[in-house]
Amino acid sequence: MTVAATSWIFAALVSQRVGVIAVAVLICVVIFELIRRKHLMERYAILWLTLGLTLLVLAGWKGLLTMLSEAAGIYYPPAALFAVAFLFVLALLLHFSIVLSRLSDQNKILAQRLALLQQRLEERESKQGSEKEDRPAVHESSRAS
Amino acid sequence: MNRHLAIVPAYNEAEAIASTIAAIHRWAPDFDIVVIDDGSTDRTAELATAAGATVLQMPYNLGIGGAMQAGYVYAKENGYEVAVQVDGDGQHDPRQIKDLLECLEANPGLNMVTGSRFLDPDGEGYRSSAARRMGIRVFARVLSAITGQKVTDPTSGFRLTDRRGIELFANDYPIDYPEVEAIVLMHTHRLRSREIPVVMGPRLTGESAISKPQSAYYMVKVLLAVFVALFRKRPVREAAPTFPATTEGAR
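Chains as they are written, first to last, in this note's numbering: chain A, 1 to 145; chain B, 146 to 396.
Derived from the structure by calculation, the hints contain no laboratory data. Model, not experiment: these values are computed from the prediction. It is possible that some hints are incorrect.
What the hints assert, rightly or not - Some chain A residues judged to face chain B by a derived CB distance under 8 Å, without partners named:
# : residue
1 : LYS108
2 : ALA111
3 : GLN112
4 : LEU114
5 : ALA115
6 : LEU116
7 : GLN118
8 : GLN119
We treat Cβ as the ideally placed atom computed from N, Cα and C, and that holds for glycine.
Take these sequences, add in the hints, and give me the full structure.
Given below as structure tokens:
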């Protein structure tokens, strides 16, 4: 391999690392800002922050990524970085599906409860209404007292 | 107040709901009626109230499972001993409610009686389209194998349950396309069910909850749910072959 080719690969690796670091920092800043503005609850932000911080650590500490990718049998370290990021995104999506399932279940229970309460309220109101018609005098006196 | 309740799910059934309620009043006078208006955009709720039924109005369309479950919660909280599902579109014949009830009362230890279209091989009445019958047969095979007892009409929504069934369904009921899964649910909780032959009519109004493009999704979803349900724990304490009719075990 020529010297020129080696240095070209090195430059590409460096620029990719810089790019990844920038993306990781951006993720962390955006998440932080969203939490600060209360657009994102902490419990759902933790996975995102973990993603950003992991990317940051792996991109910054080059030896760690090389070590990990060698252990995993991946020859091109940045590929390992993206693989890790991809797995995180998968975990996030699964997390969202779980949250969505729970929310729709809770939503169903709320809708049922609302309908049951509404029926009970209407029943009571119609009963009171008919009592009022039957005995207007009693109603008047109770209001006066 | 009666101890028996008819749960009538209805979604845009304004044309049929009044006659269904009148028929239940006439042929099953011991039954109170609660209509579950599942977010109808027509006058279903108004007409049902006028016909003398209690109406639970869902704030939006929950789907048949969520609507039915609301009916079971209503039955549970108002202390009903028996609940029967009757479709609001005229498919189920209220004259046969008493057959379902007689079967339940004649067999102590039985928790649910289902009206089956296919039990009498020479029977008459509406039996769905050919494609649907094939799907129904697949479910029937699978459920028969799982429950160890012959199931012929797993998608029939014409069902009568006792207090334990009411409590179970109030607590846990499948969300969409619930009939098939409910049978597995009964089996998982060691409640007993039986089928008796009934005659069903074609629906008078409205549309089936299952349209053609949804059929494939329906098959896959229900089979997945049934498969997963096989791996749920079955409570052992309910396993006694003849249990006394207490409410203690169901809580």
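Does the nearest C-beta of chain B fall within a distance shorter than 8 Å of the C-beta of A/ALA111? holds, 5 Å
Residue hint A/GLN119, partner chain B, criterion CB-CB below 8 Å: holds, 5 Å
Cut-off 8 Å, beta-carbon criterion: hint that A/GLN112 touches chain B: holds, 4 Å
Take the shortest C-beta to C-beta distance between A/LYS108 and chain B; is it under 8 Å? holds, 5 Å
A/ALA115 as an interface hint toward chain B, with CB separation required under 8 Å: At about 4 Å, which falls below the 8 Å cut-off, the nearest Cβ of chain B leaves the hint on A/ALA115 intact, so it holds.
Interface hint status, A/LEU116 versus chain B (Cβ within 8 Å): holds, 6 Å
Have a go at the A/GLN118 hint: is there a Cβ in chain B nearer than 8 Å to its own Cβ? holds, 6 Å
Given A/LEU114 as an interface hint, is its Cβ closer than 8 Å to any Cβ of chain B? Nearest chain B Cβ about 6 Å off; hint holds.
Hint check: no violations occur; every hint is consistent with the structure.
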